[in-house]
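Listed below are the residues making up each chain.
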Amino acid sequence: MFRSPDRFWILLLVLFVNQGNAGPAKQAGYYGHGKTASAEEIAGWDIDIRPDGMGLPPGNGSVEEGEYLYEDKCAECHGSFGEGVDQYPSLAGGNGTLTDVRPHRTVGSYWPHTSTLWDYIHRAMPYTQPESLADDEVYAIVAYVLYLNDLVDDDFVLSPENFTSIELPNKPNFVSDGRPDVKNIRCMEDCRDPASIEILSMVERTAPKAGQDSSASSGTTDAADAIAVYQQACAICHEKGIGGAPIPGEKNLWTKRIANGMETMVKHAIEGFQGAQGMMLPKGGFSHLSDDEVTSVVHYMVEKSQ
Amino acid sequence: MDIFISYIQGNIPTMDDGDTKAGKPLSAPDRRKFLMRSLGLVGGAAAIKPSVLSAASENLPPGVPAWSRSLGPGVVSHPYGKPSKYEEHVQRRTVDWLTADRIASISFTPLADLKGIITPNGLVFERYHAGVPGIDPSQHRLMIHGLVERPIILTMDDLMRFPSTSVIRFLECPANGGMEWRGAQMDGVQFTHGMLACCEWTGVMLSTLLAEVGVKKDASWILAEGADGAHMSRSIPMHKALDDAMIVYAQNGEALRPEQGYPVRLINPGWEGNTCIKWLRRLEIGDKPWYHREETSKYSDLMPDGTSREFTYAQECNSVITSPSPEKPLRGKGKYWVDGLAWSGKGKIKHVDVSFDGGVKWREARLTSIVLPKALTRFGIEFDWSGSPALIQSRAVDETGYVQPTYGQLRGVRGTNSIYHKNAIHTWKVSADGKVANVQIS
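Note that the protein sequences, when read in sequence, are chains A and B. In this text, residue positions in the first sequence follow my numbering: the first is 1, and each later residue adds one. In this text, residue positions in the second sequence follow my numbering: the first is 1, and each later residue adds one.
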């Protein structure tokens with residue numbers, strides 16, 4: 001087979017080099033790095049749900065329970081009727097608008113699968129407290145959002161048994177990627193009539209306002225850090241007064257609070273507080289913030305509001 | 001001096017509006033000194049021409065600059081170096097009206113001020129769905145499970161023991177330019193095209209990790225999931241995972257930045273940036289896609305007939321001229337080097353053509369960088385500007401033969417509501433005064 005020993009060695013070398021690359025598959029466990037994942041470890045992280053119901057935990061939740069939970073945990077951003085507050089997504093309505101000039105994409109008008117709703121609420125909602133809902137609470141909120149979209153009746157109870165029977169109306173309208181779907185040609189000369197060129201829309205340059213990178217704000221490092229933390233964690237509610245959060249700079253909202261003393265305000269900000277005007281989650285729900293960071297932001301907000 | 005003159009003219013965006021008039025590049029004493037001299041020279045005239053100011057500076061010949069007559073800071077004054085203070089305007093920016101808040105939002109790469117094809121780590125555009133998690137790498141784990149023979153949990157140290165590979169690939173949000181579907185809307189190349197970056201990524205081929213866990217016969221999809229509060233997740237087909245997907249822990253020679261997924265992320269070269277899950281904590285191998293929120297409610301493309309395309313992964317061939325641009329106006333007639341970027345998620349850039357008359361005549365530009373598949377490619381062409389208004393466009397062609405389309409062609413098929421994957425030929429209008437505006441033409 002091999003006319004000279006050289007050829008044999010060259011072939012062997014080629015095979016060896018190939019083995020060194022990622023190319024040919026190696027046996028499972030070839031490297032042996034890492035540890036085997038236990039069933040318990042996997043269960044703690046395996047949170048995904050599929051349209052066929054794979055991944056759904058046992059449990060159930062009713063529209064009625066969902067209404068209470070939704071008002072408490074969701075309506076602040078999504079509106080009591082799922083209409084959406086400010087630019088936070090609306091969850092209901094919009095049926096029949098997908099071919100309109102301004103389509104209104106909601107769970108009822110656009111989403112293809114109920115499982116997406118369960119999966120997303122469980123993995124990412126409420127916005128400031130992801131993975132804080134119990135499974136039954138997720139079932140109940142999903143049931144209520146389906147109810148807001150007129151997809152179930154008010155006595156409906158969602159459970160793994162009936163889950164896959166709830167089909168969302170827009171599912172048949174999802175199709176596969178049809179690209180490439182346009183074909184331009186590489187013309188070089190006389191490609192169009194110059195007289196036909198018309199400017200349809202135009203935007204001229206205006207210098208962007210400040211507030212790009214929070215790190216660039218002026219002042220001491222401490223103040224800059226406080227502003228950065230405020231932007232990242234607190235502005236979400238305090239900038240617009242969501243949930244009764246006092247807006248920095250609106251002095252009348254702060255007079256009483258400031259009168260209670262800095263110590264009380266810092267305590268409420270760190271530990272959370274339920275007042276007549278609204279609710280402050282512990283650290284606004286951003287539990288990774290240190291007490292010092294929260295304290296510095298309270299000082300910053302008070303300074304702006306005196 | 002370009003930058004200085006720009007400040008005088010107020011063309012360059014600043015951090016603080018108050019700085020625009022201040023002539024930022026000079027220190028306060030320098031400024032006082034040369035303003036006094038200038039006033040002496042021009043007799044306190046209100047309109048001081050930049051050229052007169054420049055001539056008055058003792059930092060210019062025949063004067064000897066202040067920095068040449070003194071000592072500067074020594075080594076490790078900045079243990080981790082930063083760009084010159086005169087480059088402070090080169091930074092990521094956001095557009096607040098795009099999103100409800102800054103935690104689930106996007107910022108843009110300042111393309112006009114970048115050279116070559118590599119995006120510096122601190123300038124790579126950001127896209128978060130729940131802000132940046134503050135991950136301690138010693139407590140971060142990557143779990144791989146599902147239809148596998150050997151489900152595993154890897155530490156970062158484990159991951160770095162696998163064979164390592166580095167590639168230069170672009171990263172682009174599929175919503176890049178999405179604000180322009182109905183008409184010109186953004187006033188700079190940073191905002192029309194800045195959801196775009198290109199880095200050298202270093203890590204482990206996903207195929208290596210899949211071989212290590214032993215993928216079962218029916219496996220055809222992978223769910224990738226992040227450790228951020230959104231637990232950002234996307235379904236990735238097995239063919240991509242086995243082709244060129246990578247699990248990366250470094251960009252441009254250093255550890256991933258927190259904004260880019262520290263300590264580890266997925267990179268799917270040439271595909272929607274959104275599939276390149278950051279802060280990667282879990283890969284589940286399955287036999288069907290998951291249809292999660294970021295691949296149904298979002299990142300699906302609504303067509304005029306009411307259907308929606310799902311799993312529109314590839315970023316098709318695209319290009320833009322970065323100079324001239326609204327951020328880089330022309331300053332008087334004469335010869336200019338027109339500079340831009342082209343890229344394709346389907347492979348290498350083959351040609352880039354440039355038109356100065358709104359697409360009547362095209363000239364082939366020179367590819368001035370290394371040409372790599374699924375990477376930004378730099379092009380340039382000489383332009384002898386007569387001082388007349390011009391409509392400047394670029395049109396890229398990739399190695400599949402695909403020619404970047406016009407707005408008319410794209411809208412003809414997709415209408416104006418598909419948000420994602422807008423890769424139309426872009427037009428800058430140069431006015432007689434050299435200013436550059438974002439326009440769309442018939």
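Bear in mind the hints are in silico, worked out from the structure with no lab data behind them. The beta carbon of each residue, even a glycine, is placed where N, CA and C say it ideally should be. Any given hint might turn out to be false.
So these bits of chain A aren't anywhere near chain B, every CB distance computed over 12 Å [to be verified]:
#1 32
#2 111
#3 194
#4 249
#5 255
#6 276
#7 296
Taking beta-carbon pairs under 8 Å as the criterion, some of the chain A residues facing chain B (in silico) [what the hints assert, rightly or not]:
#8 29
#9 30
#10 50
#11 53
#12 173
#13 177
#14 181
#15 251
#16 252
#17 254
#18 288
#19 292
Going by Cβ atoms, does residue 111 of chain A stay more than 12 Å from chain B at every point?
-> violated, 5 Å
Exclusion check [residue 296 of chain A not at the chain B interface, CB over 12 Å] = holds, 16 Å
With a cut-off of 8 Å on the beta carbons, see whether residue 29 of chain A makes it to chain B.
-> holds, 6 Å
Evaluation of the interface hint that places residue 30 of chain A against chain B, nearest CB under 8 Å = holds, 6 Å
Is the nearest Cβ of chain B still more than 12 Å from the Cβ of residue 32 of chain A?
-> violated, 8 Å
Does the nearest C-beta of chain B fall within a distance shorter than 8 Å of the C-beta of residue 254 of chain A?
-> violated, 22 Å
Would the hint on residue 173 of chain A stand, with a C-beta cut-off of 8 Å toward chain B?
-> holds, 5 Å
Given residue 50 of chain A was flagged as interface, is its beta-carbon under 8 Å from a beta-carbon of chain B?
-> holds, 5 Å
With chain B as the partner, please determine if residue 252 of chain A meets the hint condition of a C-beta pair closer than 8 Å.
-> Constraint on residue 252 of chain A not satisfied, violated at 24 Å.
Least C-beta distance from residue 249 of chain A to chain B larger than 12 Å | holds, 17 Å
Would the hint on residue 288 of chain A stand, with a C-beta cut-off of 8 Å toward chain B?
-> OK, holds: residue 288 of chain A within 8 Å of chain B, min 5 Å.
Hold the hint about residue 251 of chain A up to the distance rule: shortest CB distance to chain B must be less than 8 Å.
-> Constraint on residue 251 of chain A not satisfied, violated at 24 Å.
In this structure, the earlier hints numbered 1, 2, 3, 11, 15, 16, 17 and 19 are contradicted, and the remaining ones agree with it.
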